[in-house]
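Participant: Protein chains in written order, with this note's numbering: chain A, 969 to 1081; chain B, 40 to 546.
Derived from the structure by calculation, the hints contain no laboratory data.
All residues carry an ideal CB built from backbone N, CA and C; glycine is no exception.
Accuracy of the hints is not assured; some may be wrong.
[Unchecked claim] Restricting the straight-line Cα-Cα distance to at most 30 Å, the calculated cross-link-like pairs of lysine-lysine (DSBU-like) are:
id, chain 1, residue 1, chain 2, residue 2
1, A, 1077, B, 154
2, B, 153, A, 989
3, A, 1005, B, 62
4, B, 72, B, 153
5, A, 1005, B, 291
6, A, 989, B, 62
7, A, 989, B, 151
8, A, 1004, B, 260
9, B, 291, A, 1052
10, B, 260, A, 1005
11, B, 502, B, 453
12, B, 154, B, 62
[Unchecked claim] Just so you have them, the derived chain A footprint on chain B, three or more residues with Cβ under 8 Å:
id, region
13, 53–64
14, 145–154
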Amino acid sequence: MGSYNWEAAAARIGLSEIDFKRMVEIFIRETEADLKKLQHACDLADREETALTAHHIKGAALNMEFDQLAQAAKSLENEARQGKLESAARFRAIIDAELAEIRNSLFLKYPSK
Amino acid sequence: MNNNMQKVLVVDNHPLILEFLAKLLTGENCQVKTAENGLEALDVLSQYHPDIIFIDLIMPNIDGETLCRIIRRKPQFEKTYLVILSAIAVETKVNFISFGADACIAKGPLVKMKKHILDVLSEAADMTSKKGSGNIRGLEDLYVREITGELLSIKRHFEVVLESITEGIIEITDNNRIIFANPAAISLCSISEEELLASDFRELFNGGDRRRIGALLERVKDHSSSANEGVEAVINDRELEIRVSPVNSGKKGAIVILVDITDRNRWQTHLRQRERMESVGTLAAGMAHDFNNLLMGIKSNTSLLLMEMTSDHPHYERLRSIEKQVASSASLIKQLLGYARQGRDEVEIMNLNRLIGETVDVMARTRRDITIHMELAADLKDIVADVGQIEQVLLNLLINAGDAMPQGGDIFLKTAGVDHLEMRSKVFKVKADAYIMLIVTDTGIGMDKKTRERIFEPFFTTKEMGRGTGLGLASTYGIIKGHGGYIEVESKQGKGTTFRIYLPAKE
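Isolated chain B (complex conformation) (with noise of 0.2 Å):
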């Protein structure tokens, strides 16, 4: 092949261009090859790398302005000079520049059309000619047509309004691959535009997902689908519900709608978490006293007897025995009390950084193997609360986070003050007022998804049995409640586990 040969793609819906510039174009000594759309085109992009590309405007399956923007944004046609052929150049002043294309042609009689195209062949050739003055070529040979200047004013609305919503809206063809998406879908699949369009729709999903996303898109081929039947599925980590309807026209392919759901599920499983929790607690309270009462008359009148005998009394050892364990029952029972209760029984004002400080060292020393890390804010504002309390609940969290790093591992701290505000984003409705913030992250095993929503009921273990009473994490959801605060927590298997607190500040 000649080496000066210039290589060509031309990209246009009517076949009556690609003959005319395919044939024009080969008897000027190029290498022509061609597609009819944009997709085709990326296609045809993939293995072929053009001098110069002529891009029809309007055409289906991507159009020509979407398309620059994707070839303008590949490293690779840099260089490659980009013609528009518009046939829309009267109505409306297209801007070609401005979706990186470098010169425009008005469509209009062919003898017409040859002299530019033969000029930008040569433009495009020479390296050092200046591109891009701006100008649309064969504006003179053509007349203002009013009525497309009416359907362009429809194309531009609907343009707005699919930008405007905040469902993501995407277009596939009948062999799934997406040829629109609107600003809202670009942002929920998290990747640039080029690298959606002409993507398969179903590799945006994993496994099951996947699998159920192409049965759905089956059956809406097949119409054995009612029109807007969902279903639910996860893209980087956001649920969303995804409606799938076909496409009512003469080309075959479907429509999606993709919602974010995850804000609206946290929120109903927060609810269902609560409503379990609350039922839960008023009947461990309730058993709780009862026990707390059993166990008091059992102390007592162990008491009394101790009281009435010496050391060396045959039942002493015995009895000093039942003494611990309604003492280690009462600590349960204490525990479970905890979860329950509404009030905080000795309050005072106390600096959170400097529990902190004395609680962590407790841990280091205990476990050596973990390293803890502390940020905490210089300035943070005091609270009004129950130090017991609030030592207990520091003392859970950091057990739990040893617990799930057996090896080791490191536990991150830190404290700041933050705005009811800055917390609008939480599921939990909370109270207009100034709160200082606790995260205890831990770089241990983690959690799935089952486990977290049910941490904080009584009870709930992961622990082997015997090895966790289920009433730590319990017992620290009520008394931040308790205290006018919120927990919440993050975690996802093999990457570690966050909890967050907010406890209200002391003005």
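With the rest of the complex left out, here is chain A (with noise of 0.2 Å):
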């Protein structure tokens, strides 16, 4: 989505604007936790929990079509089942940054909690 456009996308999923920003406060909480058990799970090099994690994240982040955030996931999820861990941190530092992205500009949009 780049920078993002919130109305746009809340009408695309018709959903109001208030609802909409709900659910991507949600996908950021959740998405916050799942990063730190890939953290968890790079530290332990337990490539079958970071590959679960990172579907995990893929799949909420298809959703919602984060799409470079979903493709950082992806490509992480796909060194994991490899038996790869040598990209993990910069994919992680790319769904970080995705992630870092989304809330800024949701902020910025909502600035009021």
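Both chains come to you apart, so use the hints to assemble them.
Facilitator: Now the structure itself:
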């Protein structure tokens, strides 16, 4: 989505802005929790858990059409399934960066809690 | 509430999907409830009767397919429209029809899913619409995800392993609710999967077993128990060894392994019993011979004295009394020798059915409050046996049955021919042969486990002092063994007793 047009995104799905904002907040919260799990899995070199968690992130990102975040998660999942974790930190960083952008964009659009 | 309002349940472990569907469907004038997994869904369904249920296929604590099967077996949800939400629809042909779902929507961009969700909403409301075309909606919006295919292959591999092993495997949550049971566990518990899942594991047991299982689960949770600590308990008359290990992952809970040790315990009991009886038998045989010799000495001297006097002699009656008591003692010794003996005295070819008929007549005359039912095989093979000893066996069994029914009752007698292969499940090792089987069942007071394990022991009796010698069943055991046969007993307190006797048939 790049710089996010939240009104258009809400209209596309057919939800009110408030409802769509709530969904993005849920997405951010869940992905932050998944990133922590990912960190833990990578620290333990647990490829199975890394792949499963990346898969989880990817699914939610696809639902919300956060394509770049989904792509990074997919790449991480692929690597982990092939038994490699060398690029895990890089993909995690991309996911983190994309998430930060989503978070910041949402806050800019809807500054009050 | 509007009567046309559709009632919906959404079951998915991702809060995003729950939020989206709740908002979307509420906007379509639906009443919506949500659940995060299959276990929670079953709890909701105990109080809520939805028209449509959206179910995520892959989720913890009872997955989507299992949940569908459980729901479909409940009559109250026969008409409920079940819709699968699948993130793996591309990689695997989800045969949602086979587990009772009516439609399947592939997970993907929400804007695409929305269209399919609204379509199934209309279909569910239209009672005349044809359900279950088998096509997965939204597949065209997705791309093949190869890696998920590999994940699924691994999952399927473990499913095959769990389905194949003979031990029961049950997974429980940290509050003891069952969320998975493999086919072996379902078979051991003898209840359906839909009753088993979501139930409290401790409720499979009664009384003391339940308390001990509960205590074990607490110890495992507190990590005060080492992994794989086990206890023995009973489910459906099967004796099980139960081991519990904590789940070593993010989610709390435990894995329970159930091993059926009924046959192992029976075999061990049988061995102990046999060893005990053989050592008692050796001792008894030795003593019996010595006593018999002494009795013969008393008998012969008494007989000689009686021969030298007339009936009006002052000591005549006393000597006659001694003679009678010697005869009673000899009879008792004979029973004990019967238990200890290994051979048969005078054998002949005989038919058990005929002997049963004669023996039962005697019983019927003495106990009119007992009804005897007979189911005797017309083509029963003959046996080669000592008629007197087999008659003694029959009388012992009938007398014991009668004693177990002081207020009257029923005795069932059955004979049949059996092959050694049909006796394979028995505790004793059976020689390859054809056998005749005699079953004697009463509707009496039955026996507890401790009594059952000892009834063939010499001198063991449940009767009060002076009323039983404890040799009847011991000699029965010895006679049957001496004829190359087998005897076993089944009994439950309050439920009667069954003896099964197997004797080699004549070729």
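Participant: Output the numbers, in ascending order, of every earlier hint that fails for this structure.
Facilitator: none
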